[in-house]
Every structure is written in C-alpha cells, then in structure tokens.
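There are 2 protein chains.
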Amino acid sequence: MLSKNTVKFIKTLHQKKYRNLEQKFFVEGEKSVLELLDSDFEVELLLVTASFLEGHQQLIKQLEAEVIIVSQKQLESVGQFQSNDSALAVAKIKVNQYFEYNQNELVIALDDVRDPGNLGTIIRIADWYGIKHLLFSSQTADFYNPKVLQSSMGSFTRVKFFYGNLAEIFNKWDCPVYGAYLGGSNVHQLTKPKPGILLMGNESNGISEELEKFVTDKVTIPGYGSAESLNVAIATAILCDNFRRMSGV
Amino acid sequence: MLSKNTVKFIKTLHQKKYRNLEQKFFVEGEKSVLELLDSDFEVELLLVTASFLEGHQQLIKQLEAEVIIVSQKQLESVGQFQSNDSALAVAKIKVNQYFEYNQNELVIALDDVRDPGNLGTIIRIADWYGIKHLLFSSQTADFYNPKVLQSSMGSFTRVKFFYGNLAEIFNKWDCPVYGAYLGGSNVHQLTKPKPGILLMGNESNGISEELEKFVTDKVTIPGYGSAESLNVAIATAILCDNFRRMSGV
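Going down the list, the protein sequences come from chains A and B.
Just so we're aligned, residue 110 is where the first sequence starts under the working numbering, counting upward by one.
Just so we're aligned, residue 110 is where the second sequence starts under the working numbering, counting upward by one.
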C-alpha cells in the first residue's frame, strides 16, 4: 500500500533541494522506467499499476527494490505526468564524477543551458550521435529534474556527465574546443575536423567571455532566411550531425 | 483603460474555438510583438506598458490599432507569459490560402505534428533555412496557438502555410516527396537532391499510411548511438541542414 509518507517523499523529489538532500530522484512513464531498470542506476522504489506489473513480471521479480502496486490516479498524483498508467521509480543519484578526455572522442559541453527541456533534448541527441560524455557548467539545469529526464526519452541512462568548472577542465584537456557562435566559420565548410569539445552557450547570452578564451574554432550554422537564431538544442543537433558526417564515420 | 470586456475577450483567444470564431489571435512579449508590427498582419489592439510605449513611440504612432496602456501585472493576467513587461497584441487571422508549388523550392509538410512547441520550433527552423511555404494536415497543431507563436520566436510572420488534405496536394504537385523514416536512405549520402517536399510525421506514429504512398524518397538521419529516435523538430532541422548543404547553396 502507498503510504502518505511515501507520497510526501516522492513529491519532495520534484525539487532540486530535496533531490540533493536525499540523493534520490524519480522517473515516470513506461519508457523511462524500463530504461532505468535496464541501466546501472540503483532503483530503490517502484510504483506500478497492476497492468504494468503483469506485463513485466520477470523483470520486476529480479529487482531488489521495494515494489508497490498503485492505481493510475495515485501515479498521476505523485508524479508530474498528466497521464501515467504504468510506473514511477525512485533511484539513487550517481556521484558527480570527473572523467578524463579520451582521444578521438567528441564531448558536448554546456555553458549554463538553463531550460530543462533543452538539456533533456541535448542528452537524447548526444545518445543518438554516440556521444558518451557531457560536461555541464554548475549553472546548467539539473540532470535529475523530472523534465530533463522526460525529454531525454530514456537516453539519460546512457551518458556520463560531470558538473564543474569548465574553464579548469578546458585548461587541462589537450583538444580543440569548437564553440557555437553566430559569426564563426561555416560548419558546412569544415572538413575532417579533429575530435574535441563542442561547446554550446546559454539560451540568451551564448558562451561566456570566460570560456570564449578557450575556444579554438568558432563555428556557425549557415542561415538562408531571416530567423535571428536557432534554439540551443536544435543547434547542438545540427552541429553533431555535421561533425559525424564530416569525420567520415 | 483596460476594460473587463477586453480582458475577457483576450482570454477567450487562448482557445482555438474562440480564435476561429473571432478570426483573431494574440501574441505577447517584446520580440513577437515587434515582429508582428513589422509584418503584414492586421493588428487591431495593442496593450503596452508605459516603458514599451516610450521605447517605440514612432512605431506605435503610425498604427491604426487601438492602443491601451497597461501595467505589467495586467499584461501577465491576460496572456500566458509568467513575466511580460512589454506588450501584447491582438491581430486578425489570415485566410487559409492554398499556394501552388514553385519549382526549385523546398517545402515542409507536416502530417499531424500535434505538439505546439514542435510546430513553433519547426516554423523557426523553416525561417532559418529560407523555407517560405509549409503544408499542414488538418490535425496538425494550430498555427495561432500562443505556444506555437512563442516558440517560433517571431518567425511566424515570415512563412506562408496552408492547412488541408496533404494527399490531394501531393497528388497535384509534380515534385519529389522526401519522407523522414527510421529505415530509409542515409541522408548523408544523398547528393544534389532535387527540390521538393520534406514530409515529417506525427510525434508517436510517424507518417500515415495514406501519405506513405506519395513518398518518393525515404530518408533517415544516421544514428551512431543507442537513442531510438529524435524529436520531430530536431529531425526537421537536421534534414533541412543536409538539404541546404547538399544543394550547394
């Protein structure tokens, strides 16, 4: 049975403050929950409808997590989804772990990307383009925000990320830093770019002056019409696509 | 002075039913309002804060619309923005007008793209890539939905669109139809594609069977990782970018 305390506890996890305090987060909906159960995240609690349980008995049997059968209405009252007839899971936040740069890898770095939908979409794009590592400035949206997880469409389980001081990291890493700017080189004319860091800036202000110093190549998506700019997630996708096609992979 | 009736009237325009009945819509925020005033849309009513009025006196003087000075709080109570210290404008909906296909043009067609954020983002992408014409199936989100207009970032003023039966139009137009599929030809290997229609499907179900018959070229964005799919606006952007770069423009 779903206790009032459990309801209250899950509801606190909507807020970053409590996620940090508890070092826990939740995901909801069939796709995200199944991806979570298939990952190396440590799941502690699983709320399931009877029909979800029936459809995934084998998988759920193997779990060490506490499993509570709930109604669709209960799921919707604790989560953020308007409609959820499957499941919601609570898992442990992973330790914020620094990683070294692997030669030949493309890494995405985000300088204060604040919108959770943008961050989630960028995680999904990274996963599509086989990018394993992401760097986030400390003011970037919280990875464990339910909207980030939702818009990543399960890809949040397949990327590694580190929140930290990007200037310090760029200083240490010996690789090109491609910065997305409005007035840089046409990315369509970049041939065989070396692997490195693709740096994307804040939605309103772009890349900060502090980080601009580390940018070795300013790149731009050529425009053919009158829009002033592109959304940061859209720009990330187009740049990743150009990098992949031009690296001949 | 802002009357209760005007407040009530603008609030009804949040709903498609009343927008259709009144043949009017609203936009809010500095950027969208300025783009609207600079376009061929017929503006009927303009709510402005004193500071917005002061900043744009010349422009507002030339308007034939009714202008009402309001407080930021009033703007926020009639619109959908959490924060709006500039303006909100009510304008006339344009007649849904069919257009013929111009040779050498790339047209975007949407088969039931339902999410207003996706539609608005696609309009912004079209404007970035110089695509002037869009076709929407009748179940596609409403162009005049405030969220569509907002996410188009002003680009809604620079595209022409027609809501109608896509099958009938494809039947008439003599040009390739490029359909976005998960199992089509690698778009990176498409060289010098002929201009035509880029057809994007519904968020969950893709392109309908009825329209699949008209697709001359199934195209796919190559994936390098494990994400199952890309968001429809993201995919539209990547495909437009590939078309533009490969047409040698």
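Hints are computed from structural coordinates only; laboratory data are not their basis.
Treat the hints with care, since some could be wrong.
A pair holds if it fits inside one copy or across any two, identical chains being indistinguishable in the list.
To be verified - Below, computed lysine to aspartate or glutamate pairings styled on EDC-like, alpha-carbon distance capped at 20 Å:
1) K256 x E312
2) K269 x E185
3) K269 x E337
4) K281 x E209
5) K140 x E337
6) K126 x D224
7) K281 x E131
8) K301 x D283
9) K256 x D224
10) K241 x E337
11) K203 x E153
12) K117 x E337
13) K133 x E173
14) K140 x E312
15) K256 x E337
16) K269 x D147
17) K133 x D283
18) K120 x E131
Going down the list of hints, with the structure as the test:
| no. | hint | result |
| --- | --- | --- |
| 1 | K256 x E312 | both (17 Å within a copy, 18 Å between copies) |
| 2 | K269 x E185 | neither (30 Å within a copy, 40 Å between copies) |
| 3 | K269 x E337 | between (32 Å within a copy, 18 Å between copies) |
| 4 | K281 x E209 | within (9 Å within a copy, 57 Å between copies) |
| 5 | K140 x E337 | between (36 Å within a copy, 11 Å between copies) |
| 6 | K126 x D224 | within (17 Å within a copy, 31 Å between copies) |
| 7 | K281 x E131 | neither (32 Å within a copy, 61 Å between copies) |
| 8 | K301 x D283 | within (18 Å within a copy, 37 Å between copies) |
| 9 | K256 x D224 | both (9 Å within a copy, 16 Å between copies) |
| 10 | K241 x E337 | between (31 Å within a copy, 16 Å between copies) |
| 11 | K203 x E153 | within (13 Å within a copy, 54 Å between copies) |
| 12 | K117 x E337 | neither (45 Å within a copy, 34 Å between copies) |
| 13 | K133 x E173 | within (16 Å within a copy, 57 Å between copies) |
| 14 | K140 x E312 | between (28 Å within a copy, 15 Å between copies) |
| 15 | K256 x E337 | between (27 Å within a copy, 19 Å between copies) |
| 16 | K269 x D147 | within (16 Å within a copy, 46 Å between copies) |
| 17 | K133 x D283 | neither (35 Å within a copy, 57 Å between copies) |
| 18 | K120 x E131 | within (12 Å within a copy, 41 Å between copies) |
The earlier numbered hints that this structure contradicts are 2, 7, 12, 17.
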